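Starting from the structure of chain A, add chain B where the hints point.
Residue numbers (my numbering), protein chains in the order written: chain A, 1 to 216; chain B, 1 to 606.
No wet-lab data here; the hints were simulated from the structure. This one's a predicted model, so the numbers in the text were calculated from it and none came from an experiment. Fair warning: there could be bad hints in the mix.
[Said to hold, decoys possible] Straight-line alpha carbon distances no greater than 20 Å define the calculated SDA-like cross-link-like pairs of lysine to any residue that follow:
| hint | chain 1 | residue 1 | chain 2 | residue 2 |
| --- | --- | --- | --- | --- |
| 1 | A | K61 | B | P519 |
| 2 | B | K443 | B | K475 |
| 3 | A | K45 | A | V73 |
| 4 | B | K510 | A | T171 |
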Amino acid sequence: MPPKTSTDLLRARAHNTQIEATLAEVFSDSVTDGASTAFALGHLKTGKKPVLWVQDRLSRKETGRPYLAGLPVGIEIIHVDVSNARDLLWTMEEGLRCRDLGGVIGEVWGDPAALDFTASKRLALRAEAQNLPAWLIRHAGHPNLSAARLRWRVSALPAMNNPYDAHAPGTGLWRAELFRARWRETGEWVVHHDKDGLHFAHGLDWQTAPLQREAL
Amino acid sequence: MTLKDKLTVLAFPSTAKPPTTADPAQLAKAIAALKEALESEIRTPAPASLAQETPPESFSPIGTPNARPVKSAGRVEVAAGAVTPPDAPALKDARTDALTRRITAIHLPQFAMERWLRWCTQHSQRPPEDLPIALASEGAHGPVVYAINRAATAAGVHIGARIVDMRALCPTLRVEYADIGGDQAALGRLMLWMRRWCPWTAVDGAAGLVLDTTGSDHLFGGEAMMLRDMEARLAGLGLSASLATAPTHGAAWALSRSGAVRDICTPAELIARMNALPVRSLRIDGATVQLLQRLGLKTVGDLATVPRISLARRFSRAGLAQNPLMRLDQMLGRLAEPISASEEPPRFIVQANLPKAVQDPTPHLPALCDALCAQMATSGFGARRICVTVFRTDGEVREISVATAQASRDATHLRKLFDDKLEKIDPGFGFDLITLAATVIEKLNLQQSRLDGESETGAALAQMIDRLSARLGAKMITRPRPHPSHIPERAEVWATALHAPTTAQSPALKRPIKLFEHPEEVRVLYAVPEGPPAQFVWRRITHRVVRFEGPERIAPEWWRDMPGTRLRDYYIVESQTARRFWLYREGVLGDQRGNTPRWFVHGVFA
Numbered sequence: 001m002p003p004k005t006s007t008d009l010l011r012a013r014a015h016n017t018q019i020e021a022t023l024a025e026v027f028s029d030s031v032t033d034g035a036s037t038a039f040a041l042g043h044l045k046t047g048k049k050p051v052l053w054v055q056d057r058l059s060r061k062e063t064g065r066p067y068l069a070g071l072p073v074g075i076e077i078i079h080v081d082v083s084n085a086r087d088l089l090w091t092m093e094e095g096l097r098c099r100d101l102g103g104v105i106g107e108v109w110g111d112p113a114a115l116d117f118t119a120s121k122r123l124a125l126r127a128e129a130q131n132l133p134a135w136l137i138r139h140a141g142h143p144n145l146s147a148a149r150l151r152w153r154v155s156a157l158p159a160m161n162n163p164y165d166a167h168a169p170g171t172g173l174w175r176a177e178l179f180r181a182r183w184r185e186t187g188e189w190v191v192h193h194d195k196d197g198l199h200f201a202h203g204l205d206w207q208t209a210p211l212q213r214e215a216l
Numbered sequence: 001m002t003l004k005d006k007l008t009v010l011a012f013p014s015t016a017k018p019p020t021t022a023d024p025a026q027l028a029k030a031i032a033a034l035k036e037a038l039e040s041e042i043r044t045p046a047p048a049s050l051a052q053e054t055p056p057e058s059f060s061p062i063g064t065p066n067a068r069p070v071k072s073a074g075r076v077e078v079a080a081g082a083v084t085p086p087d088a089p090a091l092k093d094a095r096t097d098a099l100t101r102r103i104t105a106i107h108l109p110q111f112a113m114e115r116w117l118r119w120c121t122q123h124s125q126r127p128p129e130d131l132p133i134a135l136a137s138e139g140a141h142g143p144v145v146y147a148i149n150r151a152a153t154a155a156g157v158h159i160g161a162r163i164v165d166m167r168a169l170c171p172t173l174r175v176e177y178a179d180i181g182g183d184q185a186a187l188g189r190l191m192l193w194m195r196r197w198c199p200w201t202a203v204d205g206a207a208g209l210v211l212d213t214t215g216s217d218h219l220f221g222g223e224a225m226m227l228r229d230m231e232a233r234l235a236g237l238g239l240s241a242s243l244a245t246a247p248t249h250g251a252a253w254a255l256s257r258s259g260a261v262r263d264i265c266t267p268a269e270l271i272a273r274m275n276a277l278p279v280r281s282l283r284i285d286g287a288t289v290q291l292l293q294r295l296g297l298k299t300v301g302d303l304a305t306v307p308r309i310s311l312a313r314r315f316s317r318a319g320l321a322q323n324p325l326m327r328l329d330q331m332l333g334r335l336a337e338p339i340s341a342s343e344e345p346p347r348f349i350v351q352a353n354l355p356k357a358v359q360d361p362t363p364h365l366p367a368l369c370d371a372l373c374a375q376m377a378t379s380g381f382g383a384r385r386i387c388v389t390v391f392r393t394d395g396e397v398r399e400i401s402v403a404t405a406q407a408s409r410d411a412t413h414l415r416k417l418f419d420d421k422l423e424k425i426d427p428g429f430g431f432d433l434i435t436l437a438a439t440v441i442e443k444l445n446l447q448q449s450r451l452d453g454e455s456e457t458g459a460a461l462a463q464m465i466d467r468l469s470a471r472l473g474a475k476m477i478t479r480p481r482p483h484p485s486h487i488p489e490r491a492e493v494w495a496t497a498l499h500a501p502t503t504a505q506s507p508a509l510k511r512p513i514k515l516f517e518h519p520e521e522v523r524v525l526y527a528v529p530e531g532p533p534a535q536f537v538w539r540r541i542t543h544r545v546v547r548f549e550g551p552e553r554i555a556p557e558w559w560r561d562m563p564g565t566r567l568r569d570y571y572i573v574e575s576q577t578a579r580r581f582w583l584y585r586e587g588v589l590g591d592q593r594g595n596t597p598r599w600f601v602h603g604v605f606a
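Isolated chain B (complex conformation):
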């Protein structure tokens, strides 16, 4: 393959803000919308003038109500006046901004059933097509239908009904239990896999995904081609999907559920398209849909014609899922609703599109590293952590990341860090897309090295730590740092060398050169219980104490240790074989904190 096959994605603009779905913000927006609606009611003169032209509606408590004046144009004007805020230029700009995004919603209506069928196929137990099958979940009064296949639909089984009723209706119905948690996890993995099309993706409900495809479509030949590509690839995974692209999340959601096949909606036709949709397209719950239908509001257009102030008053305390006004605002872009992806997409990312699925990413890595480092060099950044992600053909994503001790954009060095790691990536049945992203970046300016070739910044040291960390694991490379504590094992902290700064060493007391990780208990003979040892047995060897120094008493740290922790009396002893040990006795006899004190070897002297 040549370099032309590889497609380099440009750096994502840093202006993209991390999405927030905090409730207080929405509340504030709702309050603002309410205030705005009140003001527009007061300020708009249109209703008053209209009221003068048309005869006022007479109130008729008994009998049939008077026919409403058929002045649809006038009513639309009134509604528009009430719904749309006053034409302040700033607000207008904000609205056009809100409508410039392109959101793609994907609805997977048969996700649970298709996933179950795929599992059966993998285990060679695929049932015949004409056998009615239902997946059940636990309901309040016994199991209820959660998902059904086409044969079951034809037999009259419907979702939400009790299994016993459906068995009466269709005796041949095969019932399996649904794996709802597994479905959610699979949807989460599929959501990550959808990042091959755009960086912002999120799970949307139980069987839906939402993608922010703003600016991504041209990489796939336009929106229509992109949607066709998505649908084809999802079909390759055995998933039937309905997709739609629209300027807002709400509109895309509505069109993917009740629009045409691969529907695309432009900002100009947004209001007209939305007006024709039924009210259940507003992402509100069943009770609210029923309420709106009882009120005679069948479509979104009907709802939009109702004066805004009335809706705001009626649904002032309703949550988002019960509030048609806020949902309408979200749909029409008056209320911002960013895609809430779990993490912000990396600023520097490159990818290689492969013409066919391969198993080994190694040959593609050098070119990717070069491209990534070139990108970072133009912006003056270096990577602290880079991540290779492979998008497998079976709808899964696998990734491997390495970290560096110092920000680096040295392509050779970064590639070397992956040397032994890429073998551990699980390629499945192959993958056809590799991305390399700098997930943690730092500002890195050019630095002049000294003329004699010596580096001042310790770049060579940092690169060595990177290589060791990449192969052995970052936890294995540590640097000790003195810590203010009297307890010997707490007097130093072993921090990972990747992150530890260099610190000065404090002047020391007479301390052993080596310390055991866990003090080893010894059997001791002594002349007096609170005195030094005379002889001890350690690791099955008897040592006779010739000379000793001590005791050095170290008290427990009462602010940190458990109550009842005993003090330690440390002795430096020299044995008859001229070896020097650091022993301690834990506690003294009669300190009311246990029985006879025990002895331990804690370290050795040189």
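Okay, chain A solo, but in the shape it has when bound:
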């Protein structure tokens, strides 16, 4: 499929068509938390295509590198080390130009000056034109002005019980708050990830009601 033109994007916007892939941001309340990473990764439906994973220097030092054995099965990554946010944004844009990728993940530390409204808008438009999901994981960042179409805040909840060991944590649970969205309602969910994908349940009654499966 050829990349969409700006006319296509404007038409889609006028008809309020939901666009499948776009730019999303994830924030987390603590930097040493794998929840935001796993949440972004759980959204990607890559098929056989690799994911371009860009990390700036501080993210790599403070939160660690992605570990192949711990990633969901079937995900293949191309990892790029960059030193600053400018290179990170450039690399993500280059990745969004490529149709053989399954998605682009960028990890940014803090609120760099290079990541302003214009930069995020460029990423969003390019992601929509190429129909390729792009995720910005904002470690230790503040949700200031941004053109990301979906903005999430993810934090960890106590894990489910392990059926085989009463003292051990089971599957991890997260609280995901969608605090800005372009084409849908905002809200708050309890989320977990298993081999079938992400499962969203409302936070209030997640223990009593059966887990409501919702394809995003």
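Structure of chain B alone, referenced to chain A:
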């Protein structure tokens, strides 16, 4: 400038073999030559018939020897019979082949002194012309003269003499120390710069260069024009050079040292020209020259008249530098002596000759890329690595190369790879020649892409990796690959994405989503030393352990780790803030491998 100014060099023939100077090969050739000489002695009937015609030389132990018969023509015939191998057609072809090459030798007699003078000029300290100057190097008994200028020559200073003696001879002599290593390095750089004339160049001794200019001369208007051009450009660098072109390396060397100015020797006149040269033109050392002169052999012609068998017997154990017979064979093309350049010249190369020196290669790159890709397309090749080289006017060469993940001959793509790199090239005072070469090539056949525009081969992915590698560096773009090891940090290998093939992922145990590059040490409270932690302090925050899973014991790899490496007990713990960590204790108490075990955080779970 127009396209006409640019000169496209055709692809170099792939038949050129990489040169070898291996000793065993030469030894084998020497043995073959010896055998050949023996056979020719036995088979040639000419000496016998001559001996019948002329009175045999009588042996006279006392008094003056009998006058030798003046039958020069006969002697030449005998010598030719002994020296030249029997007229087998195959051998004749091989010889004419050997003589079809054109080798140019360049002698820079004043290289060290001229380089020193240029350095002085650059630092505004150039000494007056009439001041005698000598460069000294360390000898066995104090410093000796290494290079001198013209005033010192006139004052009687000579190379190789001790400095103290020369000071006595010429009290005004200024002595500086020579930089011999620097001279060699400068000669190496000059050798690279000489590749603007031909692809095969090599350093030849301490002050010489040798070029294989076969087939290159027509680009400069013939050999005479090419030599004139070389001499003019070297003079522009402040170097005085004597040049010669001949069919063999030995002949070119000899003519550049003792021939005429810009001497050119054709294969037909090779033997006649060489016969007149003194024996020191044979590239043999001083002792052997002296020996030959004592034997009465003053010229190459004298040596050629000596029966081959005698020479072979006399110098059978001598090395190449002491062996006049092998040197003679090399000079006359009977023994192959290819130019041993450090690397093979690229098969696909294009160049742009600029009418005047410029500082920025960017405007010339698109046309060069187009020409290179057209060349590769006709032969069905694609480039994995391409290299831009600029030949600066100050005799230096600078180059920048980029690599690709997949063989490519897409001119637009290749040009884009140089986008941010060309600024980093150091143009000096400008350059007037740019070459673009495909230094690593691969076979690349045409591929049909699918009708819906999707590519099957992942060409878009490879091109993206190229663009990222060109800007960020190839080491920054990596792909993890599972590796058979129990140690978590060794269970995956990060290979450069430029070269890594795609591999399947192995099914995993319960592992963290992120792993720290270096495990971070934590302070731990525990109930029992070999049990799980109860509380730990990491990055100045106290975490209380609510639930844990483990331990998972991972033993050190004894075939790889140092002796004394301790085992690891891994725990998955959940803290009171619902964060899940991967902790390990290094060793257990009482394992005789150190003190109290330390604890580390190795990764985080989702």
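Status of the hints after comparison with the structure:
{"no.": "1", "hint": "A:K61 <-> B:P519", "result": "11 Å, holds"}
{"no.": "2", "hint": "B:K443 <-> B:K475", "result": "25 Å, violated"}
{"no.": "3", "hint": "A:K45 <-> A:V73", "result": "12 Å, holds"}
{"no.": "4", "hint": "B:K510 <-> A:T171", "result": "11 Å, holds"}
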